[in-house]
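Trainee: Okay, here's what each chain looks like letter by letter:
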Amino acid sequence: GAVVSQHPSWVICKSGTSVKIECRSLDFQATTMFWYRQFPKQSLMLMATSNEGSKATYEQGVEKDKFLINHASLTLSTLTVTSAHPEDSSFYICSATSTSGRGSYEQYFGPGTRLTVT
Amino acid sequence: AQSVSQHNHHVILSEAASLELGCNYSYGGTVNLFWYVQYPGQHLQLLLKYFSGDPLVKGIKGFEAEFIKSKFSFNLRKPSVQWSDTAEYFCAVPNSGNTPLVFGKGTRLSVIA
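Same order as they appear, the protein sequences are chains A and B. In this text, residue positions in the first sequence follow the working numbering: the first is 97, and each later residue adds one. In this text, residue positions in the second sequence follow the working numbering: the first is 3, and each later residue adds one.
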């Protein structure tokens, strides 16, 4: 199956600093990538949709100036959490789309990045 | 917009008991349906998916799910659970077409010996 990787898997940063998280599709080209956020013991909430070569589309309530998303190539999207605060501590998960042989929609998930802001 | 409901927040079962987790979605028509599992401390893994054809879908680790279009449901089942099935289970449906998956709130399954 299609593989999506994330780096780093775990990061601790100080309040006020910025952190960049990478999402890569390893064996397929991903025209669209998605960023989700998961708080402890809760479900995944979509933050934004990232299309290669264009600006990301953010969900309501997500600050686009705080969560900068770049999708510069068909295999890489990055999420930068700017001026991080403790409330930004969460599990960030990316996913990428690939179309199966039957043309059906499918979404592949990365392993997630745990961000802890102190 | 599509919404997904998982009715059971936390299910506790003894080993060898049968499992059924409910999932309902709001929009009809052509839908792709997914169940994911997240073991403690691990990332999401696809359990099974339905795109078309036989509404009874078999997935990994002995799980299966049945798509009932008239009920907008895609319930997950397993005849006999094991301690290793302890995890969080998420039902997911694309919002529409080629747009991102919308997840249910998840059901935490605890299997006790």
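Just so you know, not all the hints are guaranteed correct.
[To be verified] In silico DSSO-like cross-links for lysine-lysine, where the CA-CA straight-line distance does not exceed 30 Å:
#  : chain 1 : residue 1 : chain 2 : residue 2
1  : A       : LYS162    : A       : LYS151
2  : A       : LYS137    : B       : LYS51
3  : B       : LYS63     : A       : LYS137
4  : B       : LYS51     : B       : LYS71
5  : A       : LYS151    : B       : LYS71
6  : A       : LYS116    : B       : LYS71
7  : B       : LYS107    : B       : LYS71
8  : A       : LYS151    : A       : LYS110
9  : B       : LYS107    : A       : LYS160
10 : B       : LYS60     : A       : LYS137
11 : B       : LYS73     : B       : LYS63
12 : B       : LYS51     : A       : LYS162
13 : A       : LYS160    : A       : LYS116
14 : B       : LYS63     : B       : LYS107
15 : A       : LYS151    : B       : LYS107
16 : B       : LYS73     : A       : LYS137
[Stated by the list, open to error] To give an idea of the interface, some chain B residues facing chain A are shown, with a C-beta separation under 8 Å as derived from the structure:
#  : residue
17 : VAL13
18 : THR88
19 : PHE92
[Claimed, not checked] Away from chain B, derived, C-beta distances all over 10 Å, residues of chain A:
#  : residue
20 : GLY112
21 : PHE130
22 : LYS137
23 : GLN138
24 : SER139
25 : GLU159
26 : LYS160
27 : ASN166
28 : ASP184
29 : GLU202
Worth flagging that the hints you see were computed from the coordinates, not collected in a lab. Computed from a predicted model, the values in this text were never measured in an experiment. Think of the CB as a built atom: it goes at the ideal place given N, C-alpha and C, for glycine as much as any other residue.
Trainee: Are the hints correct? Go through all of them and say.
Mentor: Taking the hints in turn, this is what the structure says about them:
1. A:LYS162 with A:LYS151: It holds: about 14 Å lies between the C-alpha atoms, which stays within 30 Å.
2. A:LYS137 with B:LYS51: 23 Å, holds
3. B:LYS63 with A:LYS137: At roughly 23 Å apart (the allowed maximum being 30 Å), A:LYS137 and B:LYS63 satisfy the hint.
4. B:LYS51 with B:LYS71: Holds, because 15 Å separates the two Cα atoms, which is no more than 30 Å.
5. A:LYS151 with B:LYS71: Violated: A:LYS151 and B:LYS71 sit about 36 Å apart, past 30 Å.
6. A:LYS116 with B:LYS71: Violated, at roughly 42 Å.
7. B:LYS107 with B:LYS71: Holds, at roughly 21 Å.
8. A:LYS151 with A:LYS110: 28 Å, holds
9. B:LYS107 with A:LYS160: 24 Å, holds
10. B:LYS60 with A:LYS137: 27 Å, holds
11. B:LYS73 with B:LYS63: Answer holds: B:LYS73 to B:LYS63 is near 26 Å, not above 30 Å.
12. B:LYS51 with A:LYS162: 34 Å, violated
13. A:LYS160 with A:LYS116: With Cα atoms ~14 Å apart, A:LYS160 and A:LYS116 stay inside 30 Å; holds.
14. B:LYS63 with B:LYS107: 22 Å, holds
15. A:LYS151 with B:LYS107: At roughly 29 Å apart (the allowed maximum being 30 Å), B:LYS107 and A:LYS151 satisfy the hint.
16. B:LYS73 with A:LYS137: 28 Å, holds
17. VAL13: 15 Å, violated
18. THR88: Violated, because the Cβ-Cβ distance from B:THR88 to chain A comes to roughly 14 Å (cut-off 8 Å).
19. PHE92: 6 Å, holds
20. GLY112: The claim stands: A:GLY112 keeps its Cβ more than 10 Å from every Cβ of chain B (closest is about 29 Å).
21. PHE130: At about 5 Å from chain B, A:PHE130 fails to clear the 10 Å cut-off, so the statement is violated.
22. LYS137: For A:LYS137, whose nearest Cβ neighbour in chain B is about 8 Å away, the distance does not exceed 10 Å, so it is violated.
23. GLN138: Violated: least Cβ distance 7 Å, not greater than 10 Å.
24. SER139: Not fine: 5 Å to the nearest Cβ puts A:SER139 too close to chain B.
25. GLU159: Label holds. Min Cβ-Cβ 19 Å, cutoff 10 Å.
26. LYS160: At roughly 17 Å from the nearest Cβ of chain B, A:LYS160 sits farther out than 10 Å, so the non-interface label holds.
27. ASN166: Holds, because the least Cβ-Cβ distance between A:ASN166 and chain B comes to about 18 Å, which exceeds 10 Å.
28. ASP184: 20 Å, holds
29. GLU202: At about 7 Å from chain B, A:GLU202 fails to clear the 10 Å cut-off, so the statement is violated.
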